[in-house]
Amino acid sequence: MRIFDPHIHMTSRTTDDYQAMYDSGVRALVEPSFWLGQPRTSPASFFDYFDALLGWEPFRASQYGIAHHCTLALNPKEANDPRCTPVLDALPRYLVKDSVVAVGEIGYDSMTPAEDTALATQLQLAADHGLPALVHTPHRDKLAGLHRTIDVVRESDLAPELVLLDHLNETTVRDALDSGCWAGFSIYPDTKMDEDRMITVLRNHGTDRILVNSAADWGKSDPLKTRKVADTMLKAGFDEDDVDKVLWRNPVAFYGQSGRLQLDIAAPGPLHEGNSILRGGE
1 MRIFDPHIHM TSRTTDDYQA MYDSGVRALV EPSFWLGQPR TSPASFFDYF
51 DALLGWEPFR ASQYGIAHHC TLALNPKEAN DPRCTPVLDA LPRYLVKDSV
101 VAVGEIGYDS MTPAEDTALA TQLQLAADHG LPALVHTPHR DKLAGLHRTI
151 DVVRESDLAP ELVLLDHLNE TTVRDALDSG CWAGFSIYPD TKMDEDRMIT
201 VLRNHGTDRI LVNSAADWGK SDPLKTRKVA DTMLKAGFDE DDVDKVLWRN
251 PVAFYGQSGR LQLDIAAPGP LHEGNSILRG GE
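Taking the working numbering, the leading residue of the sequence shown gets 1, the next gets one more, and so forth.
Keep in mind that the hints were calculated from the coordinates and are not lab data. Among the hints, erroneous ones may be present.
To be verified - Once the Cα atoms are required to be at most 30 Å apart in a straight line, the calculated DSSO-like pairs of lysine-lysine come out as:
id: 1; residue 1: Lys220; residue 2: Lys192
id: 2; residue 1: Lys245; residue 2: Lys192
id: 3; residue 1: Lys77; residue 2: Lys235
id: 4; residue 1: Lys97; residue 2: Lys245
id: 5; residue 1: Lys245; residue 2: Lys235
id: 6; residue 1: Lys235; residue 2: Lys220
id: 7; residue 1: Lys142; residue 2: Lys77
id: 8; residue 1: Lys192; residue 2: Lys235
id: 9; residue 1: Lys220; residue 2: Lys245
id: 10; residue 1: Lys77; residue 2: Lys220
id: 11; residue 1: Lys220; residue 2: Lys142
id: 12; residue 1: Lys228; residue 2: Lys245
id: 13; residue 1: Lys142; residue 2: Lys192
id: 14; residue 1: Lys97; residue 2: Lys235
id: 15; residue 1: Lys142; residue 2: Lys228
Every value quoted in this text rests on a predicted model; they were computed, and no experiment measured them.
Use the sequences and the hints to build the structure in full.
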């Protein structure tokens, strides 16, 4: 079984997670830039973070046979902080990097005017750079947030087939698919979606333009949720081709629109800028 996790925050995870993911079938992932929990106070802290997503994290993933890609953006929550908004002006120099396969996470947190501006600006950046966009739908007022998001997408120069609307649930999936966008679902231990609810969505809406991710981060989350969804699909009567479509071919098709997916990774070197993943020597 091959698995592509299209949304996971490996900066917050350990090398043990990489090993467990590889053992469960994960061979590729996309790591979106996101809010780190502790508010950032200047654009410089974003730039160091972006550099890590472009360098250190792909190196770590390569040690475990996993192809790492990223999406870069000013996230919705920090778009409300004027100390952070200069990131928007600097993004173009990062969006040309080879391993950047989308602009994201963008979207809404509290649906403020500042978030409106950041979303519209970054959808335009995606269109200008020929990249897809990964859009975070809000955790509160989700349906209203989805409708507002779809309206902004329709007003933009970015075609809906280049947009992935993420963190969806049963109340938002139909409208998301009807918009022409892709539909993403985050599987979490206690919040968002779980495996059984995901099976119901797949039965009701099919497997076209649907992606499943773990969204594992610094909170209570599980980087093996993609594999657990795959196993649950098989137990529920879906066949191996259905599993391969949802857990591999769909994310490859969506992010492949960037023209930058590199799923065959070269043999990794032991060091990145003089550092290894080992602590205390060989």
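Hints, one by one, checked against the model:
1. Lys220 / Lys192: holds (12 Å)
2. Lys245 / Lys192: Measuring from Cα to Cα gives roughly 22 Å; hence the hint holds.
3. Lys77 / Lys235: Distance of about 38 Å is beyond 30 Å: violated.
4. Lys97 / Lys245: Distance ~28 Å between Lys97 and Lys245 Cα, so the pair holds.
5. Lys245 / Lys235: holds (16 Å)
6. Lys235 / Lys220: With a Cα-Cα distance of about 26 Å, the restraint between Lys235 and Lys220 holds, given a limit of 30 Å.
7. Lys142 / Lys77: The hint holds at about 15 Å.
8. Lys192 / Lys235: holds (22 Å)
9. Lys220 / Lys245: Roughly 27 Å between the alpha carbons, so the hint for Lys220 and Lys245 holds.
10. Lys77 / Lys220: It holds: about 19 Å lies between the C-alpha atoms, which stays within 30 Å.
11. Lys220 / Lys142: holds (21 Å)
12. Lys228 / Lys245: Distance of about 15 Å is within 30 Å: holds.
13. Lys142 / Lys192: holds (11 Å)
14. Lys97 / Lys235: Status violated; Cα separation ~41 Å.
15. Lys142 / Lys228: Holds, at roughly 25 Å.
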